[in-house]
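Using the sequences and the hints given, assemble the complete structure.
Just so we're aligned, residue 1 is where the sequence shown starts under UniProt numbering, counting upward by one.
Warning: the hint list may mix true and false statements.
[To be verified] Below, in silico cross-link-like pairs of lysine to any residue (SDA-like), each with a Cα-Cα straight-line distance of 25 Å or less:
no., residue 1, residue 2
1, Lys254, Pro632
2, Lys362, Gly444
3, Lys254, Arg313
4, Lys254, Asp183
5, Lys254, Val323
6, Lys254, Glu610
7, Lys254, Glu637
8, Lys362, Arg279
9, Lys362, Gly252
10, Lys254, Glu293
11, Lys362, Val513
12, Lys254, Gln312
13, Lys362, His262
14, Lys362, Leu280
15, Lys254, Pro321
16, Lys362, Ala635
17, Lys362, Ala264
18, Lys362, Pro304
19, Lys362, Leu253
20, Lys254, Pro138
21, Lys362, Ala267
22, Lys362, Glu637
23, Lys362, Asp258
24, Lys362, Glu37
25, Lys254, Ala635
26, Lys254, Gly630
27, Lys362, Asp411
[As the list claims (entries may be wrong)] Quick list of the computed label-pair ranges, beta carbon to beta carbon:
no., residue 1, residue 2, range
28, Ala203, Ala305, 19 to 27 Å
29, Arg124, Ala40, 25 to 33 Å
30, Asp50, Glu583, 24 to 32 Å
31, Ala96, Glu583, 42 to 50 Å
32, Ala399, Asp5, 48 to 56 Å
33, Ala399, Arg313, 40 to 48 Å
Read the hints as simulated data drawn from the structure, not as lab findings. All residues carry an ideal CB built from backbone N, CA and C; glycine is no exception.
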Amino acid sequence: MTDLDALERVLATFTGAVLGEVDAHEVLRLLAEGVAEVLALPAAGVLVADEGGRLSVVHTTDPASADVEAVQAEQQSGPGVEARASGEVLDVGDLAAEGRWPAFMARAAERGLAAVTTVPLVARGRTWGTLDVFRAEPGRLPGEDLAVLEGLARLATLWVVLASDRDEARTARAELADHAMHDALTGLPLRWVLLELLERALARAARAGARAGSGAGGGTSSATGGGTGGGTGSGTGSGTGTVALLFLDVDGLKYVNDVDGHAAGDALLRACARRARARLRPPDVLARIGGDELVVLLEDVRSPAEAVAVAQRVVSAVAEPLVLPGRTVTPSVSVGVAVADDPAVRPETLLARADAAMYRAKRAGRGGVAVEDPEGYARDLAAHATPSLVADLRAALDADALEVHYQPVQDVGPDPSRAPTGAAWGVEALVRWRHPVRGLLSGGQVLDVAGAGGLERRLGRFVVARAVAQLADWDRGLGARSPQRLFVNLSAAELADPALPATVRALLDAGGVAPERLLLDVTEGSLLGEEAERGARALVAEGCGLSLDDLGGGWSSLRRVLDVPARVLKVDRSLTRRLRRREAAAVVGALLEMGRALGRDVVLEGVEDEATLAVARELGCAHVQGFHLGAPQTADELSARLGAAAR
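Structural data, given as structure tokens:
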């Protein structure tokens, strides 16, 4: 029987060990000792293979296993040798009944060991060695224990590989990083790089503001690298400003692609990027985050007017005639400006605000600049949200005027040659509010207003009702291509709504949707109150599932993972953004193995590019979510995508 407390300790020890730069032998020692502790087994041993495939003993937990494993290594005959050759788990319930390894069997009998299970240590297509676990009584290893054994073996093997070829991997990562960090067409940093640089810039502004005693909004900024590509360095400047984003959309790029061909469209995009870069300071960062979308990160900005001035210089620089094959065009960009009045703002939120401002600029005409909430987003949308904004949200709820967008969660599998299927393993429902003045507001912004106006419970019921009805529509229209699971985010206030469980059940019954297909995204923080936790358990009692969100993002602990009856664990995007780093890969690998050992599905959030997807697959992650595989989109857009995949 698996000891969950021991499993938690072993996983924590593994994580601490790999972050401490331990060598491969130490990882294997921890594996043998940890498995024996977790499964309450009397003996375990680890053997490794040399270049010729010959096994040698590297660690045993006790004198009995040391004696038996020494015979196997000397004779090169035993369950480990056989499992290494086949690559398959070998579970021998009664060694006395076996005739394949006489010397091994005889020594095991002398030492009181009656049964053995051997797991090959496989990674990157190579069998590195084997793990043998012994039992004093005959009998096969229970299925749950075997799953834990295999999970811990996979995790340890991953870290052995990381430890044994650390220098080679570091060189390879350096070469890969240059390609993974930059867009091949423009040479500009990619979206994930921008978000990481933005996170650092906001942290610098927050620290500088604290030193100055002026709170949020008066941070000291520093150079974040630049040059012709909008680089990725960092510095320790001494400015007194804050951080701003300019969100640029290249007007008419799709038309040029359709009429003049993609070569002309590529030339247009490169020219716009080059001209924009020429009007920026060396420390400013210019990144490409989508097909026709560029973003500028500015630090040490004293006011929104300063950021607008930069945006206007960029607009003017871009709007020079450009000769394309066959004709001359005058490019233009529409620019949205968002200023971080509060350095504690999340990078994704600031980016969404700049995006919303860009749409306001486009509605006013090509080549324009619009500023998102220059009076201060946090003051307006949080505690001091204006009564008129709360009234607008209440009216939108009354009129059923909010939107729900859907981001697919894809089943990609570990095979790099396997393209994601068109069918969605799941979709996450995300509320959006198309405000007549402020443009499209993100879910976080809507929730801020709802919280200020006491509308969170109404908002939660609206999103669940709209999303469940949409899933029922997809079932009727798409059949087997319909998303298999629906994820809906719920805050603490929404979970505490006593009417929600009965409402959810009625909605599911009305749509003919099985309750187990609805997974409610919760964070550990949202479950801290008794009412919220009681509400979550009531929803589980109705047959719904829980999904523990933001795992590894600061709230969720290993103990909480064991306590919360969540069927799905979602790894926070802050870890995903760092997945190319050895430490982050090790932590994510540990979370994946923990999910497998506990029988939980694990979803990696925030997958923004092919390189991150490749690392996720190498770690054995099967389920991912992020802009690389699908941005949040309307129900109609996702329906068209799923329908096209079915043809």
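Verification of the supplied hints:
Between the alpha carbons of Lys254 and Pro632 the distance comes to roughly 20 Å, so the proposed pair stays at or under 25 Å and holds. Using a Cα cut-off of 25 Å, the hinted pair Lys362 and Gly444 holds, with the two alpha carbons roughly 23 Å apart. A distance of roughly 24 Å separates the Cα atoms of Lys254 and Arg313; the hinted pair therefore holds under the 25 Å criterion. Restraint check for Lys254 and Asp183: satisfied, since their Cα atoms lie roughly 19 Å apart, inside the 25 Å limit.
For the hint pairing Lys254 with Val323, the CA-to-CA distance comes to about 17 Å; that is within 25 Å, so the pair holds. Only pairs whose Cα atoms come within 25 Å are accepted, and Lys254 paired with Glu610 is accepted, the gap being roughly 23 Å. For a cut-off of 25 Å, the pair hint linking Lys254 to Glu637 stands: about 17 Å separates their Cα positions. For a cut-off of 25 Å, the pair hint linking Lys362 to Arg279 stands: about 21 Å separates their Cα positions.
Of the supplied pair hints, the one linking Lys362 and Gly252 holds, its CA atoms being roughly 11 Å apart against a limit of 25 Å. Straight-line distance between C-alpha atoms of Lys254 and Glu293 comes to about 12 Å, which keeps the hinted pair within the 25 Å bound. Taking the CA atoms of Lys362 and Val513, the gap is about 40 Å. The hint is violated against a cut of 25 Å. Between Lys254 and Gln312 the CA atoms are separated by roughly 23 Å; this keeps the pair inside 25 Å, and the hint holds.
Distance check on the hinted pair: Lys362 and His262 sit about 23 Å apart at the alpha-carbon level, within 25 Å; holds. For the suggested pair Lys362 and Leu280, the alpha carbons sit about 22 Å apart, so the restraint of at most 25 Å is met. This hinted pair checks out: Lys254 and Pro321 have alpha carbons roughly 18 Å apart, not beyond 25 Å. With a C-alpha separation of about 23 Å, the suggested pair Lys362 and Ala635 falls inside the 25 Å cut-off, and the hint holds.
A hinted pair counts as satisfied when its Cα atoms are at most 25 Å apart, and Lys362 with Ala264 qualifies at roughly 22 Å. Using a Cα cut-off of 25 Å, the hinted pair Lys362 and Pro304 holds, with the two alpha carbons roughly 19 Å apart. Distance restraint check for Lys362 and Leu253: the Cα-Cα separation of roughly 14 Å lies within the 25 Å cut-off, and the hinted pair is therefore satisfied. Taken as a hint, the Lys254 and Pro138 pair is broken in the structure, with Cα atoms around 69 Å apart against an allowance of 25 Å.
With a C-alpha separation of about 22 Å, the suggested pair Lys362 and Ala267 falls inside the 25 Å cut-off, and the hint holds. Between Lys362 and Glu637 the alpha-carbon distance is near 21 Å, which keeps this suggested pair within the 25 Å criterion. Straight-line distance between C-alpha atoms of Lys362 and Asp258 comes to about 20 Å, which keeps the hinted pair within the 25 Å bound. With a C-alpha separation of about 62 Å, the suggested pair Lys362 and Glu37 falls outside the 25 Å cut-off, and the hint is violated.
Among the hinted pairs, Lys254 with Ala635 is consistent with the structure: their alpha-carbon atoms are about 22 Å apart, no more than 25 Å. With a C-alpha separation of about 19 Å, the suggested pair Lys254 and Gly630 falls inside the 25 Å cut-off, and the hint holds. Restraint check: the Cα-Cα separation between Lys362 and Asp411 comes to about 36 Å, which exceeds 25 Å; the hinted pair is violated. In this structure the supplied range 19 to 27 Å holds for Ala203 paired with Ala305, their Cβ-Cβ distance being about 25 Å.
Here the CB-CB span from Arg124 to Ala40 is close to 32 Å, well matched to the stated 25 to 33 Å. Roughly 29 Å separates the CB atoms of Asp50 and Glu583, a value that falls within the hinted 24 to 32 Å. Taking the beta carbon of each, Ala96 and Glu583 are about 46 Å apart, inside 42 to 50 Å as hinted. As the Cβ distance of Ala399 to Asp5 is approximately 52 Å, the hint placing it in 48 to 56 Å holds.
Separation of Ala399 from Arg313 is about 41 Å and conforms to the stated range, judged on CB atoms against 40 to 48 Å.
Hints 11, 20, 24, 27 from the earlier list are contradicted by this structure; the remaining hints agree with it.
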